[in-house]
Structures are given as structure tokens and as C-alpha cells.
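Starting from the structure of chain A, add chain B where the hints point.
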Amino acid sequence: MSTNFKTYRPYVSPFDPCKPILEKAYSTPPNLYMGFQPPNLPQFTPMEALRAGTLWKPLFDTWYGPLEPGGKGGLPQ
Amino acid sequence: MKQVPAEYYQLMEQLQAVDFVLVELSLYLNTHNDDLDAINQFNHYAKERKKLKKAFESQFGPLQQFGNSFSAYPWNWDDAPWPWQV
Numbered sequence: 142m143s144t145n146f147k148t149y150r151p152y153v154s155p156f157d158p159c160k161p162i163l164e165k166a167y168s169t170p171p172n173l174y175m176g177f178q179p180p181n182l183p184q185f186t187p188m189e190a191l192r193a194g195t196l197w198k199p200l201f202d203t204w205y206g207p208l209e210p211g212g213k214g215g216l217p218q
Numbered sequence: 262m263k264q265v266p267a268e269y270y271q272l273m274e275q276l277q278a279v280d281f282v283l284v285e286l287s288l289y290l291n292t293h294n295d296d297l298d299a300i301n302q303f304n305h306y307a308k309e310r311k312k313l314k315k316a317f318e319s320q321f322g323p324l325q326q327f328g329n330s331f332s333a334y335p336w337n338w339d340d341a342p343w344p345w346q347v
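Heads up: the protein sequence lines correspond to chains A and B, in order.
For the first sequence, the numbering used here gives the first residue as 142, with consecutive numbering after it.
For the second sequence, the numbering used here gives the first residue as 262, with consecutive numbering after it.
Which stretches of chain A does chain B cover? Using the computed rule of at least three CB atoms under 8 angstroms from a CB of chain B, they are:
hint	segment
1	173 to 186
2	189 to 202
Label pairs and their calculated CB-CB ranges:
hint	chain 1	residue 1	chain 2	residue 2	range
3	B	Trp-336	A	Tyr-205	42 to 50 angstroms
4	B	Asn-337	A	Leu-208	45 to 53 angstroms
5	B	Asn-329	A	Pro-151	49 to 57 angstroms
6	A	Pro-161	B	Asp-295	47 to 55 angstroms
7	B	Ala-316	A	Glu-209	33 to 41 angstroms
One-sided excerpt, in silico: chain B residues whose CB lies under 7 angstroms from chain A:
hint	residue
8	Gln-277
9	Val-282
10	Glu-285
Source of the hints: derived by calculation from the structure; they are not laboratory data.
The beta-carbon is built from N, C-alpha and C at its ideal position, and this holds for glycine as well.
Bound-form chain A, shown alone:
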């Protein structure tokens, strides 16, 4: 399944004093996958748009990090 969360596997030093995090995730914005914005996308109402930060629904992102609860966060399934 396609998702806005991408992952990478950082280098782990053998001298790392902490338990290594083998896979790290980060969030990417939806406009990256749209290319040129097509016309007549579904819109938010003006009041919703003010809070969503965008007028167009497909461009909305909660922008929660993968570790933050509350968002649709979490590592990609």
C-alpha cells in the first residue's frame, strides 16, 4: 500500500551506548505525489480550510510524525 510515511535504516555503530533504532520513519507531504495539480479538486469550506492549512482536500496532511499518537501516524504497515 502506498503511504506518505517513508523509512530508512540508519547505520548502527557497534559502540552505540543506546539500543539502536534499526528503522526510522518520516512523513512526506501529499503534494509530492500529485505532480501538477489537476483542476476541480474537492475543496474544504473556508472555515475548514483556515484550520486545515489548505483549501484542497487531497493536499491536506495532519503532519503528525510517525511516533506521535493522535495522528494517522505509525510505521507503514
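For chain B alone, coordinates are given in the frame of chain A:
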């Protein structure tokens, strides 16, 4: 102390929402200058903004300076509340 009525915040919020729509549509139209629907929507909200601005200013004084807004008598540009006081 004088308090601003609840209507002040309602009108201001509507104005902000419409302004945001106008910003979004402006940015969109910069790259889609032949989208008639979007232009109609833009003009609709531009008109809406004028209405809201008039309603707001008639009750709470000028929003902008240098001839973009009218003043009542006496001069009320410097009346409280200032933007950072609401």
C-alpha cells in the same frame, strides 16, 4: 475596561477564512490561469471579502491605513483594541 463583543471575533474569523481562500486561489491561479471555475470562485470570494470588510469596519473601525479604509469622526485609526490586544 471596554471589551470587544463576540461578534468581533466572528467577523474577524470569517474575514480570515475568506482571506485564506483568496490566498490559496491566487497561488493556484498563478499556475492555472485558464481555470474559469477557479476564477469565478476567486471573484466570488473577492466580493465576499469586500462585504465582510465593510461590515467589520462599520462596527469596529478601519482595518487598513493610507486610504484603504474610511475613518469615522473623530479619527479612529488609533482606537483600542489594537491587533495584538484582541
